[in-house]
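Peer 1: Sequence:
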Amino acid sequence: MTTGPLLWIDNDALNYFCKAHCLDKVLRNAPYRFATTAFVQMEAVKGVQAGVHDLQDAIYSMQHGDIVVHDTDVPPLDRLLEPQSGLGLSDESLALCASYHGGKVLTNDAGLIRYLKKNNIGCMTFRDFLVEAEANGWLDKDVVEGLKRLAML
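Numbered as in the numbering used here, the sequence shown ends at 419 without a single skipped number.
Since the hints were derived computationally from the structure, they do not count as laboratory data.
Glycine included, every Cβ here is placed at the ideal spot set by N, Cα and C.
Please note that the accuracy of each hint is not assured.
[Unchecked claim] Computed cross-link-like contacts, EDC-like style, restricted to lysine to aspartate or glutamate with a CA-CA straight-line distance of at most 20 angstroms:
(1) 291 - 320
(2) 291 - 406
(3) 285 - 332
(4) 291 - 278
(5) 414 - 394
(6) 383 - 278
(7) 414 - 290
(8) 407 - 394
(9) 285 - 320
(10) 291 - 332
(11) 291 - 337
(12) 312 - 337
(13) 285 - 309
(14) 291 - 411
(15) 285 - 406
(16) 291 - 400
[As the list claims (entries may be wrong)] Label-pair restraints from in silico Cβ distances:
(17) 340 - 414: 15 to 23 angstroms
(18) 415 - 344: 36 to 44 angstroms
(19) 338 - 377: 32 to 40 angstroms
(20) 318 - 419: 19 to 27 angstroms
Between the sequences and the hints, there should be enough to build the whole structure, so can you do that?
Peer 2: And the structure:
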């Protein structure tokens, strides 16, 4: 795990990396500290239970500390979340954590991107991450192209 800038990864980005079988490579090569929230973790667990077995890689990475999970008993998630923004609990929790702890939310969700930018909360679009990953050799061109197709970019 690196000591670089903090990226709060959302469920869509996790899903894309898992489906492309490149999550481990991203975690090893990208110069970021990856984090998420317990709400995103719960969604990943529900996804596996619903048959999306690729997400097992994300759960494993969370359990082993490669992706740090911000728990619900630690500020700012230690109070009942009542999303005011039209965002779901997972997205709201990522926005709160990025605002409170710093870093950027890594997402491909247009609504979340708009919310983050409107509220001056750090945001890295999935597209920008892929451009950076290819330019710096963290992922090869074929993997990046596959991720773009998955994300409909």
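Peer 1: Indicate, hint by hint, whether the structure satisfies it.
Peer 2: Taking the hints in turn, this is what the structure says about them:
no. : hint                          : verdict
1   : 291 - 320                     : holds, 15 angstroms
2   : 291 - 406                     : holds, 10 angstroms
3   : 285 - 332                     : holds, 18 angstroms
4   : 291 - 278                     : holds, 17 angstroms
5   : 414 - 394                     : holds, 11 angstroms
6   : 383 - 278                     : holds, 18 angstroms
7   : 414 - 290                     : holds, 18 angstroms
8   : 407 - 394                     : holds, 14 angstroms
9   : 285 - 320                     : holds, 6 angstroms
10  : 291 - 332                     : holds, 11 angstroms
11  : 291 - 337                     : violated, 25 angstroms
12  : 312 - 337                     : holds, 17 angstroms
13  : 285 - 309                     : holds, 15 angstroms
14  : 291 - 411                     : holds, 15 angstroms
15  : 285 - 406                     : holds, 16 angstroms
16  : 291 - 400                     : holds, 12 angstroms
17  : 340 - 414: 15 to 23 angstroms : violated, 35 angstroms
18  : 415 - 344: 36 to 44 angstroms : holds, 39 angstroms
19  : 338 - 377: 32 to 40 angstroms : violated, 23 angstroms
20  : 318 - 419: 19 to 27 angstroms : holds, 21 angstroms
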